[in-house]
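Position chain A relative to chain V; hints supplied.
If you're matching them up, the sequences are chains V and A in order.
Under the working numbering, the first residue of the first sequence carries the number 22, and numbering increases by one thereafter.
Under the working numbering, the first residue of the second sequence carries the number 22, and numbering increases by one thereafter.
Calculated from the structure, these hints are not laboratory results.
Be careful, since some hints might not be right.
Identical chains share a label here; the pair holds if one copy fits it or two copies do between them.
What the hints assert, rightly or not - Dumping the calculated DSBU-like pairs for lysine-lysine here, alpha-carbon to alpha-carbon at most 30 Å:
#1 135 x 44
#2 122 x 135
#3 122 x 54
#4 44 x 236
#5 135 x 216
#6 135 x 236
Protein chains: 2
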Amino acid sequence: MRTLFHHPLSPFSRLARVALAEKELPFESQVEKPWERRDIFLALNPAAEVPVLVEADGTVVAGGWAVLEYLEEAYPDTPLLPREVAQRAEVRRLLAWFLAKFDREVTDNLVGEKMLRRLSGHGYPSAPAIRAGLANIHYHLDYIAFLAERRPWLAGAGFTLADAAAAAQLSCVDYVGDVPWDEHPEAKDWYARIKSRPSFRNILADNIPGCPPPKHYADLDF
Amino acid sequence: MRTLFHHPLSPFSRLARVALAEKELPFESQVEKPWERRDIFLALNPAAEVPVLVEADGTVVAGGWAVLEYLEEAYPDTPLLPREVAQRAEVRRLLAWFLAKFDREVTDNLVGEKMLRRLSGHGYPSAPAIRAGLANIHYHLDYIAFLAERRPWLAGAGFTLADAAAAAQLSCVDYVGDVPWDEHPEAKDWYARIKSRPSFRNILADNIPGCPPPKHYADLDF
Chain V
22 MRTLFHHPLS PFSRLARVAL AEKELPFESQ VEKPWERRDI FLALNPAAEV
72 PVLVEADGTV VAGGWAVLEY LEEAYPDTPL LPREVAQRAE VRRLLAWFLA
122 KFDREVTDNL VGEKMLRRLS GHGYPSAPAI RAGLANIHYH LDYIAFLAER
172 RPWLAGAGFT LADAAAAAQL SCVDYVGDVP WDEHPEAKDW YARIKSRPSF
222 RNILADNIPG CPPPKHYADL DF
Chain A
22 MRTLFHHPLS PFSRLARVAL AEKELPFESQ VEKPWERRDI FLALNPAAEV
72 PVLVEADGTV VAGGWAVLEY LEEAYPDTPL LPREVAQRAE VRRLLAWFLA
122 KFDREVTDNL VGEKMLRRLS GHGYPSAPAI RAGLANIHYH LDYIAFLAER
172 RPWLAGAGFT LADAAAAAQL SCVDYVGDVP WDEHPEAKDW YARIKSRPSF
222 RNILADNIPG CPPPKHYADL DF
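Only chain V is shown next, with the shape it has when bound in the complex:
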């Protein structure tokens, strides 16, 4: 059986779960706390980062970028990248935007400070970091609105990894209740479309013991 080592508060892990679900590839879910640095996990990925995909034949695919591109190459049916190279480049530009820039400017400052510090036992939340995250998220929601007004989906005509990546980040921040949806109706409309996709059901069912999500988190009419 295919196994995915992941963590519910890792956006890259959520993106891998959505990609697997979009491609209808069944997998066994193995929640990994990367900060525990378990030997068995380090042997799979010496960088100690989730997600890691282990195929039934033992093939190990370690790290978020590798997993995404691997899934596209190994399972080209139900593609999550467009066919044309320039359009694929546009999806990857947005992947870097959401997986690196949004992560650094928003998710690290909110989910990282409020949740991961506590869960991993690494210090106390930094109030300036949280303030920065709460300020930065507006600019990113504006950018999503800007794109969603001009295109059916963020990168163009079809749903792609760019939408899945943006939604993976936002769903993590939404889990801690820090997405100001009411101030960003266009971004909210786009996210409502994502929430109703079958591939997102599993994400909306996430419930970390001792840290439940806010009530609106899984609500399709939020």
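Quick look at chain A alone, frame taken from chain V:
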């Protein structure tokens, strides 16, 4: 004519230059200081990050990840990724290692603090950050040695983007004279092989006005 917007102290930019040179794709070099946030550059990449590739037909490929995968897809001759999907995943695991982890743990702390702060006029170097970078680099050089002892090149039998990415990072740190080569002979041997590649000549010729590299930087026998 193809144009690459890049900066000599951006590892991702150096990697794009090496990839273009390996594929023997001529390009016009446009040095961009991303912190100046020029309107014309923001129009190409709203994330204000180098590299950005603009093809002769006007196609814009923005951001390091997008450029690398685009070059592989658009110019498959002289591939810099192996053919087999699991081996491609291994290259991408190492790409993430060097482009994200090494960058965060080493290059940001050394090149970022010592050079980019000064060039961009953003504050003063942080002594604790520099100490962290100088400590962290040993572990990464050990990892390069570990890989180079077991495989002809870092990701396997052939030279790939993984070697180019590791060398792009190390060449930036070497530019500020902070690579302790003498303590890491195996990593040094691997880097000597990289330095002698024609695709690396242009990197070794880098010379930032007012900030020349140390004497050994371009020396093949360093």
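Legend entry - Ascending list of hint numbers which this structure does not respect: Of the numbered hints given earlier, the structure breaks just one, which is hint 1.
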